[in-house]
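A.B. asks: Residues per chain are reported as follows:
There are 2 protein chains.
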Amino acid sequence: MTIRDLLFGRPLATSMERAEELGTVAGVPIFGLDALSSAAYGPEAALTLLIPLGAAAVAYAIPISASIIVLLIIVYFSYRQTIAAYPSGGGSYTVASENLGVYPGLLAAAALMIDYVLTAAVGISAGVGALVSAAPSLLPHTLSICLGILAIIVIINLRGLRQAGIIFMVPTYAFVLSLLGAIGFGIFKSITSAGHPHPIVAPPPPATHAVQAVSAWLILQAFASGCTAMTGVEAVSNGVRAFRDPTVRTAQRTLTLIIGVLIVMLAGIAYLVRAYHITATDPGQAGYQSVISIIVVAVAGRGAFYYIAIGSVLVVLALSANTAFADFPRLCRAISQNGYLPDGFNVRGRRLVYSQGVYVLAFLTGALLIIFGGVTDRLIPLYAVGAFLAFTLSQSGMVAHWRRVKGAGWRRSMIVNGIGAVATGITALVVVVAKFVHGAWITVLLIPMLIALMVFVHRRLDRAAKLMASDAPLDATALQAPMVIVPIRGWGKAAQNAIRFAVTISKDVEVLHIVDECDPSASTLQQQWPALVEAPAQQNGFPPPKLCTVESPYRLIIAPIIGHILEVARQNPNRQIAVLIPENVKRHWYDYLLQNNRASALTALLLLKGHQRIVVVNVPLDIGV
Amino acid sequence: MTIRDLLFGRPLATSMERAEELGTVAGVPIFGLDALSSAAYGPEAALTLLIPLGAAAVAYAIPISASIIVLLIIVYFSYRQTIAAYPSGGGSYTVASENLGVYPGLLAAAALMIDYVLTAAVGISAGVGALVSAAPSLLPHTLSICLGILAIIVIINLRGLRQAGIIFMVPTYAFVLSLLGAIGFGIFKSITSAGHPHPIVAPPPPATHAVQAVSAWLILQAFASGCTAMTGVEAVSNGVRAFRDPTVRTAQRTLTLIIGVLIVMLAGIAYLVRAYHITATDPGQAGYQSVISIIVVAVAGRGAFYYIAIGSVLVVLALSANTAFADFPRLCRAISQNGYLPDGFNVRGRRLVYSQGVYVLAFLTGALLIIFGGVTDRLIPLYAVGAFLAFTLSQSGMVAHWRRVKGAGWRRSMIVNGIGAVATGITALVVVVAKFVHGAWITVLLIPMLIALMVFVHRRLDRAAKLMASDAPLDATALQAPMVIVPIRGWGKAAQNAIRFAVTISKDVEVLHIVDECDPSASTLQQQWPALVEAPAQQNGFPPPKLCTVESPYRLIIAPIIGHILEVARQNPNRQIAVLIPENVKRHWYDYLLQNNRASALTALLLLKGHQRIVVVNVPLDIGV
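Residue numbers (the numbering used here), protein chains in the order written: chain A, 8 to 632; chain B, 8 to 632.
Think of the hints as simulated: they come from the structure by calculation, not from any bench.
These figures come from a predicted structure and were not determined experimentally.
Every residue gets a Cβ at the ideal spot worked out from N, C-alpha and C, and that includes glycine.
Be aware that a few hints might be false.
Covered stretches of chain B, as calculated for chain A (at least 3 residues, CB under 8 Å) [unchecked claim]:
| no. | segment |
| --- | --- |
| 1 | 70-80 |
| 2 | 414-427 |
| 3 | 464-476 |
| 4 | 480-494 |
| 5 | 541-554 |
Straight-line Cα separation of at most 27 Å, DSSO-like style, residue types lysine-lysine; simulated pairs [as the list claims (entries may be wrong)]:
| no. | chain 1 | residue 1 | chain 2 | residue 2 |
| --- | --- | --- | --- | --- |
| 6 | A | 500 | B | 473 |
| 7 | B | 553 | A | 514 |
| 8 | B | 473 | A | 473 |
| 9 | A | 500 | A | 413 |
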C-alpha cells in the first residue's frame with residue numbers, strides 16, 4: 008500500500024460506481040451540510056445589521072425570519088419538481104442552458120461557480136472563527152487552521168463521495184440534534200414561564216443604545232444578509248445522480264429532510280431571540296459571542312451540552328465547505344461536456360471523483376483564504392448574489408421546461424416554478440441593491456468576466472476540433488525516414504543505448520556532443536569515434552553515425568542543443584528531425600528529485616520551441632539502480 | 008515582453024556576469040541586511056528574558072551587550088582572514104569540508120541550511136510583527152502579509168543579485184541612518200543631562216516587580232538569546248565571488264562596514280537602555296511595544312522621525328530574509344558540486360541565479376510561516392544554534408587550513424582563527440544548553456537527519472554514475488527496427504500525421520484505436536481502414552499498418568493503452584516498442600490549460616510503468632490554431 012493509497016484510498020473501478028451511491032442518511036451530510044450550517048450564520052448576519060437599533064432589534068427577528076422561511080418553502084417546492092424533471096442532475100446550469108439557451112446557462116454557471124468558491128472559503132473561515140472565539144490563543148493561527156481544514160476536506164473528497172458522507176455524518180447529526188435540543192428546551196422553558204423564560208446565563212446587553220431609528224432600508228439590508236441562510240439549497244438538485252435507486256425519490260426525500268430541519272431551526276432561533284431578548288454582538292470587537300452561543304448559554308448554561316453544541320456548530324461550519332466540493336466538480340463537468348470548459352473536468356480520477364474540479368476549487372478557496380487571512384466576513388455579502396441568481400435562472404428554466412414538455416399537471420408545475428422564479432428573482436434584486444456597495448458589485452463584475460472566459464474556451468476548443476478533423480485518406484507520398492540527432496554529454500551506457508536505437512530507425516544519425524569550453528574529453532571522444540562507433544556500426548551493416556561537437560559556456564546545456572536542432576531543421580526544410588533523448592528509468596519517487604531533469608526539460612522545450620517537423624523520442628535506460 | 012520578463016527580467020547571458028557583481032555600497036544591503044537587522048531583535052530578545060528581574064534588568068544590558076560585542080569582534084577578524092584565504096567563496100561548508108573532512112563539512116552545511124531557513128522565516132515574521140503592532144487592525148492578516156512579502160523577495164531574487172542590492176539599498180540605509188541618528192541624539196541628550204536624560208515619552212514601567220532574583224542561569228539565557236544578534240555575519244564570506252574586483256578587498260570592506268555599524272548600534276542600544284531605564288514588554292501581552300520603538304519614542308518623541316525609523320526597521324526586518332535568499336542557493340550549489348545534493352542546484356537560471364535553491368528556500372520558508380501562522384517567535388531559540396555551529400566549524404577549519412598551507416604570518420592567522428573557534432564553540436555550547444528545552448533540541452535532532460539525507464543523496468548519485476559509465480564500443484549486433492504502436496482516438500489530422508511518421512521508421516506499425524463500449528465509430532473505422540490507410544501505404548511502398556481496436560469503459564482512456572502496450576512488449580520479448588503519441592503544438596500558454604493533457608500524461612506514465620524496451624515518441628502536429 009503506497010502513501011497515496013493510504014491518503015486517497017485504493018483506485019475504484021467504474022463497475023464499483025453503484026456502491027458509491029448515497030441514501031438519504033448519508034445524503035444529508037454531503038448535500039445538506041451547507042444549507043443546514045447556514046442556520047448558524049444566517050440569523051446572526053441579519054441580527055448583526057440590526058445592532059444600531061439597540062434593544063429594539065429583537066422585535067424584527069421574527070418577521071425577517073418568517074419571510075426567509077416563506078421563500079425557503081417556495082424554493083423547496085420548485086426544486087422538488089426540478090429533481091423529478093432532471094433525474095440525471097438538474098443543477099441551475101443544466102436547467103437554464105437546456106431551456107433558456109446558452110447564455111442564461113453560462114450566467115447560471117458563473118453565478119454558481121462564484122457561489123461555491125465563496126461558500127467553501129466562508130464556511131471554513133466561519134468555523135475557524137467560532138473555534139478562535141472559543142480559544143483566543145489560537146487567533147494567530149487562524150489562517151493555518153483554515154488551510155489545514157481545507158487540506159482535510161480535499162483529501163476526503165478525493166477519496167470519494169460515500170466515504171465523505173460517512174465521515175461527515177457524526178458532526179452533522181450532532182449539530183442538528185443539539186441545536187434542535189436547545190431550541191426545544193428553550194421553547195419549553197419559555198412556554199412554561201408564560202413567555203418570559205429566565206436565562207441561565209444572561210445574554211450580553213445590546214451593544215449600543217438605539218443610535219439609529221428603524222428604516223425600511225435597514226430591514227431590507229438585514230433581510231438580504233439573512234438570505235445567506237438559504238445558500239446551499241440547490242446542491243441536491245445538482246447531484247441527483249449520486250443518489251441510490253429510486254434516485255428521484257431518494258433525492259427528494261433528502262431535500263425534504265434538509266429543508267424541513269433548516270426551517271425548524273430558523274424558526275426556533277427567531278423565537279428564542281425574541282423570548283430571551285438576544286441581540287447580536289459586534290464580530291470585530293472584544294467580547295464578541297455568536298448568536299448561537301448566546302442562545303445555547305441562555306437556555307442550557309455553560310455545561311457539557313454547551314460544548315457539544317458549540318463544538319458541532321464549529322465542525323459543521325468548517326465542513327460545510329464540503330458541499331461546494333461535492334457540487335463544484337459536477338458543475339464543471341456539465342459545463343465541460345458542453346465544451347465551455349476544458350475536457351479535463353470531464354475525466355474521473357482513480358476514486359471516481361472528477362478530480363480536476365476538486366483541485367481547481369481547492370486552489371481558488373486556498374487563494375481566497377490566504378488573501379483574506381482566514382477572516383472572510385467581508386465575503387458574505389458577495390455570495391447570496393450568486394446563489395439567488397442561480398435559483399432564479401433555474402426556476403425560470405423550469406417554467407420554460409414545462410411550457411415546452413407539457414405532460415401531466417404541467418400547468419400546476421409551471422405555476423409552482425413560476426412563483427419560485429419571481430420570488431427568488433425579487434430577492435436576488437434586493438440582495439444586489441442592498442449589498443451593492445458592500446461587495447455585491449464584485450460579483451456583478453466577476454460574472455460577465457467568467458462568462459467571457461467560458462465563451463473564449465468554447466471558441467478555442469471548437470476551432471481546434473474543426474482544424475483537427477479530416478476525412479482524407481492517409482497521404483503517404485514523399486515520406487522519408489527522419490534525420491536523427493542524439494545529444495549526449497559523454498560516452499557511456501546512456502549514449503550507447505540511444506545510438507543503438509537511432510541506427511535502427513534511420514540512416515542519418517548525428518550524435519551531438521555538448522562540451523564545456525575547456526573540457527578535454529571533447530577531443531578524446533573525437534579521436535576514439537571511429538573505433539567506438541563507426542567500426543561497430545559498419546560491421547553490422549549500419550551507416551556510421553556522425554559526431555558533432557558543440558561547445559557551450561558552463562551554465563548552459565539545453566540552449567545549445569536546441570539551437571543546433573533548430574539550425575539543422577532550417578537547413579533541411581523537407582526532412583523530419585527526430586531528437587533522441589536518453590532518459591533514465593526512475594524506479595523510486597526520489598529519483599525524480601535526485602537525477603537532473605534535463606531530459607524532461609529538453610523534451611518540454613523542444614515541443615514548445617520546435618515545430619511540426621521536430622519529433623521528440625525518449626529512449627529509456629534502465630540501469631537497475 | 009512577456010509577463011515572465013516583466014516579473015523576473017529578461018534572461019542574462021553568462022558573459023553579463025561581471026555586470027551583475029557588487030560593490031561595497033550594494034553589498035551591504037544584500038549580505039548585511041540579516042546581520043544589521045538583528046540589532047533590532049537581538050537586544051530585545053535578551054531583555055525579554057530579563058523581564059522577571061523587574062527594574063533591575065536595566066543593569067545587565069551593558070555587560071551582556073559588551074560580551075556579545077567582544078564575540079563579534081573576534082568573529083570579525085576570523086572571517087576577514089577566511090575571505091582572504093577563500094576568495095572563491097569560503098562559506099563554513101567549504102572551509103570545513105576542505106580542511107576538516109567530509110563529515111564536519113556536512114555538519115556545517117546542515118547547520119547553515121537550518122539557519123538560513125529559520126532566518127528567512129523569522130525575519131519576515133518579525134517585520135510583519137512590527138507592522139502589526141503598529142497597526143493592530145492588520146493582525147488577522149499576519150500570515151497573508153508574510154506570504155506576500157515572501158513572494159516579493161522570491162521575485163526580486165529571481166531577477167538577480169544586483170537588482171536586489173539596488174532595491175534594498177533605500178530601506179537599509181534609512182534603517183542604519185535613522186537608528187544611528189536616534190542613538191546619537193539620545194547619547195548627546197544623556198551626556199548633556201549628566202547621564203539622566205528626560206525621555207520625551209516615558210518608557211513603560213517594568214512589566215512586573217522583581218519576581219525573581221538574578222541568577223547566573225538567567226544571565227546565560229539572556230546572553231544566549233542576545234547572540235541571535237550575531238547571525239548573518241557569515242554571509243559575506245559565503246558570497247565573496249559575487250563582489251567586484253578586487254574581490255577580496257571589496258568583500259572585506261563590506262564585512263568591516265557591516266560589523267562596524269552593527270557594533271555601534273548594539274553598544275548604543277545598550278547605553279540608551281541603561282540611560283533611559285528601559286525594560287522590555289512582554290510580546291504576548293496587550294501593550295507590547297518593541298525595545299527599539301520605546302527607545303526612539305523616548306529620545307525623539309512620536310513624530311515624523313519615529314515613523315521613518317520604525318518604518319525602516321519594519322522593512323529591513325522583513326527584507327532581512329533576503330540574505331538567506333542570497334546565500335542559501337550558493338551554499339546548496341557548493342554542496343551539489345561535491346555530489347551531496349542533486350545536480351539541479353548547480354544550474355543557473357535565466358538571470359544567472361541558482362534558481363532551484365531559491366525555490367527550495369521559498370518552499371521551506373513558506374511552509375514554516377504557514378505552520379506557525381506567521382508568528383515565529385518560538386523559532387528564534389532554534390537558530391542561534393545553527394549559526395554558532397557553523398561559525399565554530401568554519402574557524403576550526405581555518406585553523407587546520409593555516410597548519411596545512413602555512414605561508415606568511417600563518418602562526419598569527421592561526422591564533423586569530425583559533426581564538427574565534429574557541430569563543431564561538433563555547434558560545435554554541437552555551438546556546439545549546441541554555442536553549443535546549445526551548446527548542447534547540449529540534450536543531451540538534453534535525454542536523455543529523457539532514458546529514459543522513461545528504462549522505463544518502465551522495466550514495467545514490469555515485470552509484471548511478473558508476474552504473475552509467477562504460478568505455479565499451481557500441482554494441483550494434485542483433486538490432487532490429489522497433490515495433491511501432493500509434494494510439495489514436497479517431498481518424499483525423501493527428502492520426503494521419505502520426506502514421507505518416509510511423510511508416511518511415513519501421514515496417515511493423517500497429518494503430519491502436521480506443522473506443523467507448525457503445526461507440527459506433529469503431530466499426531466504421533475498421534471498414535474504412537483498407538481505403539483510408541492500407542491502400543495509400545502500399546501504393547507508396549510501405550507495408551500497410553494494422554488496425555487494432557480496444558474497447559474501454561467511458562472514463563478510462565490511458566489505462567487500456569498502457570495495458571495493451573505492456574502486453575505487446577510481453578509477447579515480443581526481443582523487440583523494442585516505439586509508442587507514437589500525437590501531440591498538438593501549443594502556441595499559447597493557455598493552450599496547456601485548454602487542451603487535454605492526455606499526451607503528456609501518457610508519456611509520463613509510459614516512462615514510469617514501462618521499461619527499457621518501450622520508447623516514447625512525441626509527434627507534434629501544428630494545426631495553426
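A.B. asks: Are at least 3 residues of the segment 70-80 of chain B within less than 8 Å of chain A when you compare beta carbons?
C.D. replies: violated (count 0)
A.B. asks: With a C-beta cutoff of 8 Å, work out whether three or more residues of the segment 464-476 of chain B approach chain A closely enough for the coverage to hold.
C.D. replies: Since three or more residues must qualify, the claim that chain A covers the segment 464-476 of chain B holds, with 8 doing so at under 8 Å.
A.B. asks: Is it true that the CA of residue 553 of chain B sits at most 27 Å from the CA of residue 514 of chain A?
C.D. replies: holds (25 Å)
A.B. asks: Counting residues of the segment 541-554 of chain B that have a beta-carbon nearer than 8 Å to any beta-carbon of chain A, does the count reach 3?
C.D. replies: holds (count 6)
A.B. asks: Given the hint that residue 473 of chain B pairs with residue 473 of chain A, test it: the Cα-Cα distance must not exceed 27 Å.
C.D. replies: Measuring from Cα to Cα gives roughly 52 Å; hence the hint is violated.
A.B. asks: Can you confirm whether the C-alpha distance between residue 500 of chain A and residue 413 of chain A stays at or below 27 Å?
C.D. replies: Not OK: residue 500 of chain A and residue 413 of chain A at ~74 Å, beyond 27 Å, violated.
A.B. asks: Count the residues of the segment 480-494 of chain B whose CB lies closer than 8 Å to any CB of chain A, then report whether that count reaches three.
C.D. replies: It holds, with 9 qualifying residues against the three required.
A.B. asks: Go check the segment 414-427 of chain B versus chain A for me, would you? Three or more residues, Cβ under 8 Å, otherwise it fails.
C.D. replies: violated (count 0)
A.B. asks: Taking only the CA atoms, is the gap from residue 500 of chain A to residue 473 of chain B under or equal to 27 Å?
C.D. replies: Holds - the C-alpha atoms of residue 473 of chain B and residue 500 of chain A are around 10 Å apart, at most 27 Å.
Violated hints, in rising order: 1, 2, 8 and 9; the structure is consistent with all others.
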